[in-house]
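Please put together the full structure from these sequences, using the hints given.
Number of protein chains: 2
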Amino acid sequence: LPRFGTVVIVGVGLIGGSIGLALRSRGLSSKVVGFGRDPAKLDEARRLGAIDVAATDLATAVDGADVAVVCTPVSKIAQDCHRIAALGPDRLLITDAGSTKAEIVRSVERDPRARSMFCAAHPIAGSEKQGASASRADLFDGRIVALTPTDLTPEDRVRRASEFWRSLGAKILTIEPGDHDLALAYTSHLPHAIASVLAGVIPERWLPLAAGAYRDATRVASADKGLWADIFLANPQHLRSALGDFRRRLDRLDALLAAGDADGLSALWAEAKDIRERFAWPPGDSNP
Amino acid sequence: LPRFGTVVIVGVGLIGGSIGLALRSRGLSSKVVGFGRDPAKLDEARRLGAIDVAATDLATAVDGADVAVVCTPVSKIAQDCHRIAALGPDRLLITDAGSTKAEIVRSVERDPRARSMFCAAHPIAGSEKQGASASRADLFDGRIVALTPTDLTPEDRVRRASEFWRSLGAKILTIEPGDHDLALAYTSHLPHAIASVLAGVIPERWLPLAAGAYRDATRVASADKGLWADIFLANPQHLRSALGDFRRRLDRLDALLAAGDADGLSALWAEAKDIRERFAWPPGDSNP
Chain F
1 LPRFGTVVIV GVGLIGGSIG LALRSRGLSS KVVGFGRDPA KLDEARRLGA
51 IDVAATDLAT AVDGADVAVV CTPVSKIAQD CHRIAALGPD RLLITDAGST
101 KAEIVRSVER DPRARSMFCA AHPIAGSEKQ GASASRADLF DGRIVALTPT
151 DLTPEDRVRR ASEFWRSLGA KILTIEPGDH DLALAYTSHL PHAIASVLAG
201 VIPERWLPLA AGAYRDATRV ASADKGLWAD IFLANPQHLR SALGDFRRRL
251 DRLDALLAAG DADGLSALWA EAKDIRERFA WPPGDSNP
Chain L
1 LPRFGTVVIV GVGLIGGSIG LALRSRGLSS KVVGFGRDPA KLDEARRLGA
51 IDVAATDLAT AVDGADVAVV CTPVSKIAQD CHRIAALGPD RLLITDAGST
101 KAEIVRSVER DPRARSMFCA AHPIAGSEKQ GASASRADLF DGRIVALTPT
151 DLTPEDRVRR ASEFWRSLGA KILTIEPGDH DLALAYTSHL PHAIASVLAG
201 VIPERWLPLA AGAYRDATRV ASADKGLWAD IFLANPQHLR SALGDFRRRL
251 DRLDALLAAG DADGLSALWA EAKDIRERFA WPPGDSNP
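In order, the protein sequence lines correspond to chains F and L. Taking the working numbering, the leading residue of the first sequence gets 1, the next gets one more, and so forth. Taking the working numbering, the leading residue of the second sequence gets 1, the next gets one more, and so forth.
Calculated directly from the structure, the hints in this document are not laboratory data. Watch out, some of these pointers could steer you wrong.
Heads up, simulated EDC-like pairs for lysine to aspartate or glutamate below, C-alpha to C-alpha not over 20 angstroms straight-line [said to hold, decoys possible]:
1. F:K129 - F:D141
2. L:K225 - F:D251
3. L:K225 - F:D274
4. L:K225 - F:D261
5. F:K225 - L:D274
6. L:K129 - F:D216
7. L:K31 - L:D43
8. L:K129 - F:D274
What follows is the structure, given as structure tokens:
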């Protein structure tokens with residue numbers, strides 16, 4: 001039986017498309033409506049089976065909806081939530097998939113109606129690929145979705161958001177919005193920034209001499225530029241503090257190299273190796 | 001028909017073991033001798049099918065050999081080449097698998113006998129895993145092997161080394177030893193150093209919030225510590241210059257973040273993405 005009635009996906013890219021595929025392949029909703037401004041992209045999402053119907057008018061899209069999932073770029077999410085709240089029915093659950101949370105939550109909570117409908121979320125899953133064509137029904141399978149409710153979030157919206165994301169295969173981790181943004185600055189924004197900086201300093205003429213270490217360390221550098229500029233600027237202080245930590249450790253490595261200190265280099269390497277080996281992927285599994 | 005007669009593998013870890021597996025699975029040699037100091041490791045290599053016989057005495061190992069491949073840590077390779085040249089027959093080809101080349105070539109070339117047998121090589125293939133148990137018969141398939149002959153390298157040793165590595169499935173790229181070390185400082189040593197620094201600054205308590213970007217950007221940080229301290233210290237100047245380039249680009253990113261410059265961040269990202277998309281893996285294939 002459909003559990004979520006009509007679900008509106010606002011922004012049908014990789015994340016929105018994957019949510020649609022997961023809902024439809026699991027029979028979790030009676031109807032999946034895709035909302036966006038580009039009819040060609042909505043057509044593609046429909047062709048791929050990610051949505052049942054397309055809408056380019058937001059009032060039409062949210063009319064009679066039970067759940068709205070906002071999958072637009074982080075700089076647009078709060079504004080989209082405000083508009084959806086104003087147009088949607090009282091029972092609507094609004095959740096989102098933004099990679100940063102504090103600013104979005106702060107903005108949504110200024111509006112009592114939006115606040116009464118909203119529980120912020122961040123699925124810790126993605127790809128360097130873009131668009132609905134890169135969508136996968138199993139994108140959230142076994143992955144963490146961070147929920148960042150506050151004292152102002154209605155309990156029933158927390159429960160419904162938790163059920164929604166869990167039904168897509170995800171595991172829920174509840175965390176305060178600011179703590180989320182600090183942690184993600186280190187676990188996601190920093191690795192993306194570093195991958196891009198690294199890809200930018202290795203001259204193209206030497207790429208035939210690059211192999212697996214290069215390939216993996218720079219993979220996410222081929223993600224969408226606008227997307228990442230947007231995420232970085234939604235969390236600049238925390239990211240700059242992570243970059244500062246990174247630079248200090250880089251300086252230690254450089255000093256050990258300058259000194260020819262083999263034992264120091266081994267110790268620095270061992271310290272990082274030890275942390276890396278505690279990483280389990282997918283969550284709960286053993287080290288890859 | 002066996003093409004290489006007796007091949008001695010000096011140091012039967014991931015690389016040496018994979019050479020043995022490739023030789024034996026392709027029937028390229030009449031005998032593969034594994035040389036090392038640890039009988040337990042040699043036993044394991046024999047059990048895995050990477051070698052036919054084990055030897056813990058170098059004179060016995062190289063007696064009657066046609067090819068010796070030195071797969072020991074970079075800081076030991078030159079010394080091993082000198083010893084092998086002194087003990088082996090005149091016809092012997094000595095090649096190696098070291099990740100740095102200039103210092104090794106310089107040292108080997110000081111000895112006329114070793115020089116007359118030696119053609120330096122670096123297979124651009126590997127893994128963060130260690131030991132013969134991580135060996136794969138296809139490790140070199142479609143991969144680049146850099147050969148770094150000089151004016152002093154006998155032409156027949158260049159030809160034989162080239163045939164040897166190509167028979168394992170590799171493609172040959174010939175490059176001057178110093179150029180090799182400069183290029184590899186950027187394409188391999190820098191990504192390894194950065195992966196380790198990154199893994200070292202992300203607090204363990206936040207790892208449940210890490211996903212694919214973290215996993216890939218830090219994968220090689222779990223490689224052997226001694227191995228990489230060794231490689232870094234065999235090429236410190238070039239690596240420090242790569243780290244300097246990296247730091248300057250990191251500073252540009254940080255300044256753009258401080259200024260809240262979305263266009264600047266997008267442009268910096270796009271520049272790196274453009275280089276990354278020219279990377280083909282495996283060599284000649286399309287972007288992964």
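Next item on the list: Could you tell me which of the hints above the structure violates, numbers in ascending order?
Entry: none
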